[in-house]
Every structure is written in C-alpha cells, then in structure tokens.
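Model the full structure from these sequences, guided by the hints.
Residue numbers (our numbering), protein chains in the order written: chain A, 286 to 517; chain B, 286 to 517.
You may find that some hints are simply not true.
[Said to hold, decoys possible] A partial selection of chain A residues facing chain B, derived with a Cβ cut-off under 7 Å:
(1) Leu288
(2) Ile290
(3) Ile291
(4) Glu346
(5) Ile358
(6) Gly365
(7) Lys373
(8) Gly375
(9) Ile377
(10) Arg406
(11) Arg429
(12) Thr436
(13) Ala476
(14) Asp478
What the hints contain is simulated information worked out from the structure, not anything from laboratory work. Virtual Cβ for every residue (Gly too), placed ideally from N, Cα, C.
There are 2 protein chains.
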Amino acid sequence: MNLEIIPVTEIGAVAPGDDLAALLAVALEPLSPSSGDVLVVTHKIVSKAEGAVVHIEGDEEGFRRRLIESEAISIVRRRGGLIIAETKHGFICANAGIDRSNTEPGTMVLLPEDPDRSAHRIRTRLEHHFSVDLAVIVSDTFGRPWRKGLTDVAIGLSGLEAILDLKGTTDWSGHELEVTEVAVADELAAAADLVMGKAAGIPAALIRGYAGPRGAGRGRDLVRPASEDLFR
Amino acid sequence: MNLEIIPVTEIGAVAPGDDLAALLAVALEPLSPSSGDVLVVTHKIVSKAEGAVVHIEGDEEGFRRRLIESEAISIVRRRGGLIIAETKHGFICANAGIDRSNTEPGTMVLLPEDPDRSAHRIRTRLEHHFSVDLAVIVSDTFGRPWRKGLTDVAIGLSGLEAILDLKGTTDWSGHELEVTEVAVADELAAAADLVMGKAAGIPAALIRGYAGPRGAGRGRDLVRPASEDLFR
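Here it is as structure tokens:
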C-alpha cells in the first residue's frame with residue numbers, strides 16, 4: 286500500500302496555554318483525517334502549548350548550561366559548548382533537548398514533561414473531533430554517533446507500536462530474520478520531517494496508508510536500556 | 286507538497302550476474318517514473334546482482350566471524366556474537382554489513398563494493414530507459430547506540446544531496462537555526478522502509494514529491510569523521 290505524507294500547514298504560532306488539539310483540529314479539517322492516519326507533531330509546539338518554556342535570565346550561555354545540567358539526569362559527553370545528556374525520559378540527545386530555534390526571543394524550549402501523555406491527549410481530542418481512530422507521534426530532532434546530520438525521531442506516541450517486532454518471522458528462503466526489531470515510530474517521524482522543513486515552520490504532518498501495528502507503544506520503548514547498550 | 290511512497294513489487298529473486306537496472310525498469314514500468322522521483326533500493330539486491338555474495342565454508346559461525354574481520358577495517362565493539370565494525374566505506378554497523386537474511390541457503394551477502402557507483406549505474410540506466418531525471422539511494426538497515434530498533438539509512442546515492450544544509454537559514458523569529466544539517470538521504474531511506482517490509486521481501490520503493498536539493502551527494506557525506514565523533 287502506498288504511503289502518503291501530507292504537511293499540516295496553517296497552524297500558526299503556538300503560545301503557552303494555547304489549546305493545541307483545537308489548533309490542530311482546525312488545521313486538519315481540510316485534510317479530512319480518516320481512521321488509520323498517523324499524525325506527527327514536532328515537540329516544539331507541544332512544549333510551547335504546555336508551557337515548557339523558560340525565560341533566559343542573565344548571561345545566555347551560562348543560563349543555557351545551567352538549564353541543561355538541571356534538565357539532565359546524566360551527562361554522557363561534553364565538548365566545547367556541546368553537551369550530550371540523558372534526559373529524565375531516558376533520551377540521550379544534545380543539550381538535554383533544550384532548544385533555541387523557532388522560539389520566542391528571550392526564551393528556550395524544553396522537552397514536554399511526558400511526551401506519551403502529550404501524544405495521548407492530542408489523539409483522544411482529535412479522535413473525538415473527527416470520529417476516527419488515529420495515532421499520534423510527538424517528534425524531535427536528534428543527532429547520532431558515527432553518522433553526520435540529524436534525523437527526526439519519536440519521543441512520544443499514542444495508538445501505535447514504537448517497534449515492529451519480527452521475531453520468529455522467516456524470510457522468503459525460510460531463514461529466521463536477523464533484523465527483528467524495526468524502529469517504525471522513528472521511521473515515521475523521519476518520513477514526516479521530509480515535508481515539514483525546519484525553516485519553513487511546518488510543525489506537523491499527516492501520514493496516510495501506514496500498515497504497521499497499532500498498539501500501546503511508548504517513547505520509552507525506543508530507549509535502549511543501558512545494560513544492552515555497548516556505547517555508554 | 287505531499288510525499289508519496291510507493292512499494293516497487295514484482296522484482297523477484299535477484300542472482301549474481303542479473304541485470305538489476307533492467308529488472309527495476311520492468312518493475313517500475315507500471316508506476317511511470319517521472320522527473321524528480323527518488324528510487325530507494327535495498328543494498329541486498331544490489332549486492333546480489335553485483336556478486337557480492339560468499340559461500341559459507343565449514344563451520345558457519347567461525348566462517349562468519351572471519352568474514353566480518355576481513356571485511357572490517359576496525360572493530361568498534363564486540364559482545365558475544367555481536368560485532369560492531371567499521372567498513373572500508375567508513376560505515377559503522379553490526380557485522381560489517383554482512384547479512385544472512387533473504388540470502389540463498391549457504392551464502393552470506395556483503396555490502397556493495399562502492400554503493401555510490403551502484404546507485405549511479407542504476408540511475409543512469411533508468412534515466413535513459415524512462416527519459417526522466419531521477420535520484421537513486423541504496424539503503425541498508427543499521428542499529429544505533431542509545432535507541433532500540435533499527436532503521437534504514439542511505440549507504441550510496443546518486444542525483445541528490447545526502448545532507449540538507451540550512452546553515453545561515455533563520456527561523457520565523459529571525460534566529461539562526463541550531464539544527465543546520467539534516468540527514469535527508471537517511472530520512473528518505475527510513476521512509477521507504479515503511480512500505481518495503483523485511484518479511485514481505487519488497488526490495489525497493491519510489492518516492493514522489495520530494496522537494497529537497499538535487500546534487501552530487503555521496504554515502505560518505507553521511508559518515509561523521511572520527512575527529513568530530515565523540516563516540517569512538
């Protein structure tokens with residue numbers, strides 16, 4: 286089945302206290318969401334609506350460093366101004382997810398308190414509004430070791446599995462597959478980023494035709510436990 | 286603009302010496318490729334057509350370990366049967382890219398000798414056949430530190446940039462973007478994987494509507510130089 290990825294435009298600027306689900310409902314209206322669609326929303330507008338925004342006080346660079354250290358539960362690596370940190374959610378990313386792009390002047394945006402809960406709230410509101418079954422992913426842009434450039438990943442989700450588990454599945458020649466866990470929620474977030482564009486300021490995309498498993502996946506499912514991780 | 290991702294079915298099994306571009310041309314015929322389309326092909330059928338296939342001799346596990354060590358230019362980590370290695374292409378991945386899924390019994394498949402050249406050959410043949418301008422990505426499935434599950438990435442490309450460089454671009458509030466390098470070729474490979482499916486044996490997908498920059502990107506552009514990499 287074909288996959289279609291549709292940018293959700295006309296959301297406009299989002300401010301603390303805004304009803305994001307209501308803004309998304311208006312923006313999605315022309316697309317007539319139908320059951321099975323997956324909505325990907327960049328965390329930035331989620332964080333802003335939820336008030337996960339801080340006002341810079343004093344020296345910006347010093348403020349930023351202290352903020353990263355207070356948001357992080359551990360510092361994984363540090364070089365110059367770049368800090369790779371583990372967040373309380375378990376994500377390992379630059380600057381503990383604190384971001385200064387597409388923010389109001391004098392502010393920085395944090396990660397949502399609980400991105401799965403954020404995704405769930407948006408989903409239930411939109412499902413009620415459109416009377417359809419949806420899935421929602423809250424995404425962020427992460428770097429990765431070894432490979433240049435950044436890609437969007439899923440940090441919160443509702444209504445689908447994060448991982449497609451093929452354990453026990455055989456290939457066409459009857460071998461058990463070696464690759465058994467596909468990070469489908471991250472692949473959906475990456476696909477959505479292709480139509481959003483960081484400079485264009487399109488903060489959401491609707492994905493149609495995704496045939497992967499629905500379920501109760503969580504952002505945490507995409508975090509590799511430290512005990513299984515050869516790189517920390 | 287909407288993005289459409291279309292599985293390319295009916296390619297069938299590919300054997301050493303097969304003319305892969307000719308097989309792809311037949312399979313793509315019903316889709317009527319048009320200028321700007323991006324074709325993503327999993328490396329496995331590229332490697333098979335190019336004869337990058339080895340026959341297992343003697344004890345399979347020992348053979349596999351020796352093969353990984355001969356394909357690797359360095360071993361990055363090792364735990365039990367899992368070896369994370371750097372390939373001669375510069376990629377850091379499990380088992381130096383050697384794969385036993387969807388292979389003929391008694392064989393293992395290596396990475397293509399030069400995935401960019403493979404992509405370029407497929408592209409020029411298909412561009413000539415269909416009289417359109419295309420881009421081609423050769424993909425593989427890689428794991429990553431910190432995050433569970435695997436995602437597809439680009440290991441070779443032709444006709445597009447691997448990285449979308451937003452340096453100097455400002456956001457809607459006039460700030461320079463913090464995220465300036467987006468690994469668009471990896472995001473395209475990940476998006477394509479969503480319709481391919483490892484168990485379904487669909488080894489290619491056509492992406493329509495991608496508005497990113499065309500150019501002379503290479504798989505190597507996605508390899509973070511060791512000097513800039515905090516994790517090796």
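So, going through the hints one by one against the coordinates:
Taking 7 Å as the C-beta cut-off, the interface hint given for Leu288/A holds, the closest approach to chain B being about 4 Å. The closest approach between the C-beta of Ile290/A and any C-beta of chain B is roughly 4 Å, which is under the 7 Å cut-off, so the hint is satisfied. For Ile291/A, the interface hint holds, the least distance from its beta-carbon to any beta-carbon of chain B being 5 Å, beneath 7 Å. At about 13 Å, the closest approach between the beta carbon of Glu346/A and any beta carbon in chain B exceeds 7 Å, and the interface hint on this residue is violated.
Restraint check, Ile358/A versus chain B: the minimum CB separation of about 14 Å is more than 7 Å; hint violated. For Gly365/A, the interface hint is violated, the least distance from its beta-carbon to any beta-carbon of chain B being 11 Å, above 7 Å. At its closest, the beta carbon of Lys373/A sits 15 Å from a beta carbon of chain B; the interface hint therefore is violated under the 7 Å criterion. The interface hint given for Gly375/A is broken, as the beta carbon of that residue sits about 9 Å from the closest beta carbon of chain B, more than 7 Å.
The beta carbon of Ile377/A is positioned within 7 Å of a beta carbon in chain B (closest approach about 4 Å), and the interface hint is therefore held. A distance limit of 7 Å between C-beta atoms decides the matter here; for Arg406/A the minimum to chain B is near 24 Å, and the interface restraint is violated. Given hint, Arg429/A at the interface with chain B, holds; its Cβ is 5 Å from that chain's nearest Cβ, closer than 7 Å. Residue-level restraint check for Thr436/A holds (minimum Cβ-Cβ distance to chain B is 5 Å; threshold 7 Å).
Evaluation of the Ala476/A hint against chain B yields a held restraint, the C-beta minimum of about 4 Å falling below 7 Å. Residue-level restraint check for Asp478/A holds (minimum Cβ-Cβ distance to chain B is 6 Å; threshold 7 Å).
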